[in-house]
Amino acid sequence: MIKLSQRLLGPVTLLLLGLTFWLGLWITPPDAVQGNLVRLLYVHPPIAWVALYVSFGTASIASCLYLWKRTRSEVMDRIAHCSMEVSVVFIALTLITGSIWGRPTWGVWWAWDARLTSTAILGVFALAYLALRRANDDPTLRARRGAVFAILTAINVPIIHFSVQWWKTLHQGASVLTSNGTLNVHGSMLWTMLIGFVGFTLLFFWLLRYRYRLEVKRDLKVADTVVEALALRQREGV
Amino acid sequence: MTRIAWLVATKDLRIEARSRVLLWQVLPFGVIALLLSGLALGPTQVGNSTAGPGLFYLVTLFVTLLMINRSQALENAPGTKASVATLGLDPAGVFLGKALALTLELWITGLVLLGGSVLFLHIALIGTLQAVPSILVTLTTLAVAGTLYGALTRGGDGPATLLPVVTLPAFAPLLIAGERSFSAALHGGALWEWWVIVVVALVAYTAVGILLYGVLEES
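Those protein sequences? They're chains A and B, same order as listed. For the first sequence, numbering that gives the first Met the number 0 gives the first residue as 0, with consecutive numbering after it. For the second sequence, numbering that gives the first Met the number 0 gives the first residue as 0, with consecutive numbering after it.
Please note that a few of the clues may not be correct.
Some chain B residues well away from chain A (every beta-carbon gap over 12 angstroms; in silico) [as the list claims (entries may be wrong)]:
{"#": "1", "residue": "I14"}
{"#": "2", "residue": "F61"}
{"#": "3", "residue": "T85"}
{"#": "4", "residue": "V136"}
{"#": "5", "residue": "R153"}
{"#": "6", "residue": "P168"}
{"#": "7", "residue": "A169"}
{"#": "8", "residue": "I175"}
With beta-carbon atoms standing in for the labels, derived distance ranges [to be verified]:
{"#": "9", "chain 1": "B", "residue 1": "W191", "chain 2": "A", "residue 2": "C63", "range": "31 to 37 angstroms"}
{"#": "10", "chain 1": "B", "residue 1": "A159", "chain 2": "A", "residue 2": "S98", "range": "32 to 38 angstroms"}
{"#": "11", "chain 1": "B", "residue 1": "G157", "chain 2": "A", "residue 2": "V226", "range": "28 to 34 angstroms"}
{"#": "12", "chain 1": "B", "residue 1": "H121", "chain 2": "A", "residue 2": "P28", "range": "57 to 63 angstroms"}
{"#": "13", "chain 1": "A", "residue 1": "V226", "chain 2": "B", "residue 2": "L210", "range": "37 to 43 angstroms"}
{"#": "14", "chain 1": "A", "residue 1": "T181", "chain 2": "B", "residue 2": "G187", "range": "34 to 40 angstroms"}
{"#": "15", "chain 1": "A", "residue 1": "W165", "chain 2": "B", "residue 2": "Q129", "range": "23 to 29 angstroms"}
{"#": "16", "chain 1": "B", "residue 1": "W5", "chain 2": "A", "residue 2": "R232", "range": "50 to 56 angstroms"}
{"#": "17", "chain 1": "B", "residue 1": "G187", "chain 2": "A", "residue 2": "L14", "range": "53 to 59 angstroms"}
{"#": "18", "chain 1": "A", "residue 1": "I95", "chain 2": "B", "residue 2": "T43", "range": "37 to 43 angstroms"}
Simulated from the structure, these hints should not be mistaken for lab results. For every residue, glycine included, the Cβ atom is placed at its ideal position computed from N, Cα and C.
Next comes chain A alone, as it looks inside the complex:
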């Protein structure tokens, strides 16, 4: 069952993303206010959802599980590391797609808005996490420090989420689902957006799976290199 779902993950992701682009570009109507610019919103909020909540949620949960002695394992460390790496890609895409949407809407590519600034800071946090991991050669030390840093970084996520309510700067508040639970998007527009949310979430897990496998292979390669080097030294009689 698990193997089947893993095999299906890629095709289903591609199918849903293809469906999102087809519906978003050709089927859904232009927005009454934004016109065709609304089509960018079928990808920007889903990408932001993955960048902020799915990837950082995965990284921080895996980090907590690593720090908890009962569940401490290399697997958790690898998951945290890989999801943080994938999150860098999604944060960059969030900022790029937001910027493309912002230029015609706000008149600028970038504004010192609370949501934009805090998201950019989160991106720097993710890069700092990767820099921190590279600075430590000892795997245990690297994993432990990475886990603490990931938890500290996750504190930023609620700040980003509520930034639009707390500071009320340029970025609009919750537009799909408002805080009182009412939906602002309807019909084909809503379905396209929902498919986009599922598609990009699956894309994250697909990328995470491949990045994880690559990490396992890299660790095995490092272990093999050490074994080979020891065997060579033994043959040399050292």
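Since the structure of chain A is provided, determine the placement of chain B on it from the hints.
Only chain B this time, still in chain A's reference frame:
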């Protein structure tokens, strides 16, 4: 925990008082950086500019990074780690002690830099005095967060260069909040929301530090 915190703080402060790195290296660097900031504004702008609080916090940031590295270097001295492990000191106490020592050092530095800001950047004295409580709270938060992030980068490859990369995203909201409350004290405006950010961050970093500093020390 409080006793250990006090012990560690007095140990760090005693080392600082004997080595006088703060007095002869860090403070002169901060004052020179303030002077250069004044030069960057130019003689005609320095009295009219609203950049004073921002420049003060920028220089404070540079000085804070130097002091965090200095504070963590003390823990890397030969035998210190072994002594801490042998004595079985509570890591939470060690964290609080180091944060306390760094806070006191930052307060001294901050007050000197404030004097320098009034002198070189022509910031109004009355407004500056009104801003002192908010500045002290911001510096305390920077010290607590800095102690935690400093422990994360300690002993790795290039801790001096890694520390800014790791701390700057965390310090950014604190510096913005600190600058805003300083500006509000000088020119008027809402203060409480910036205070809230700094105080919440202080509580959060203290709690995380007490809980997780031991995990970092284990390694």
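Hints versus structure:
No beta-carbon of chain A is positioned within 12 angstroms of the beta-carbon of B:I14; the least distance is around 25 angstroms. With 12 angstroms as the threshold on Cβ separation, the claim that B:F61 sits away from chain A holds: the shortest Cβ distance comes to roughly 18 angstroms. Non-interface status of B:T85 relative to chain A is upheld: no Cβ of that chain comes within 12 angstroms, the nearest being about 20 angstroms off. Residue placement check: B:V136 keeps its beta carbon more than 12 angstroms from all beta carbons of chain A (closest about 18 angstroms).
The claim that B:R153 lies off the interface is violated: its Cβ sits roughly 9 angstroms from the closest Cβ of chain A, which falls inside the 12 angstroms cut-off. Residue placement check: B:P168 does not keep its beta carbon more than 12 angstroms from all beta carbons of chain A (closest about 4 angstroms). Here B:A169 does not stay apart from chain A, with its beta-carbon only about 7 angstroms from theirs, under the 12 angstroms limit. Separation of B:I175 from chain A is inadequate, the least Cβ-Cβ distance of about 8 angstroms not exceeding the 12 angstroms criterion.
Separated by about 33 angstroms at the C-beta atoms, B:W191 and A:C63 satisfy the suggested range of 31 to 37 angstroms. For B:A159 and A:S98, the hinted distance range of 32 to 38 angstroms is satisfied, since their beta carbons lie about 34 angstroms from each other. In this structure the supplied range 28 to 34 angstroms holds for B:G157 paired with A:V226, their Cβ-Cβ distance being about 30 angstroms. Here the CB-CB span from B:H121 to A:P28 is close to 59 angstroms, well matched to the stated 57 to 63 angstroms.
The beta-carbon spacing between A:V226 and B:L210, approximately 39 angstroms, falls within the hinted interval of 37 to 43 angstroms. For A:T181 and B:G187, the hinted distance range of 34 to 40 angstroms is satisfied, since their beta carbons lie about 39 angstroms from each other. As the Cβ distance of A:W165 to B:Q129 is approximately 25 angstroms, the hint placing it in 23 to 29 angstroms holds. Taken as a hint, the range 50 to 56 angstroms holds for the pair B:W5 and A:R232, whose Cβ atoms sit roughly 51 angstroms apart.
Between B:G187 and A:L14 the Cβ separation comes to about 58 angstroms, which falls inside the hinted range of 53 to 59 angstroms. For A:I95 and B:T43, the hinted distance range of 37 to 43 angstroms is satisfied, since their beta carbons lie about 41 angstroms from each other.
Going through the hint list in order, the structure does not satisfy hints 5, 6, 7 and 8.
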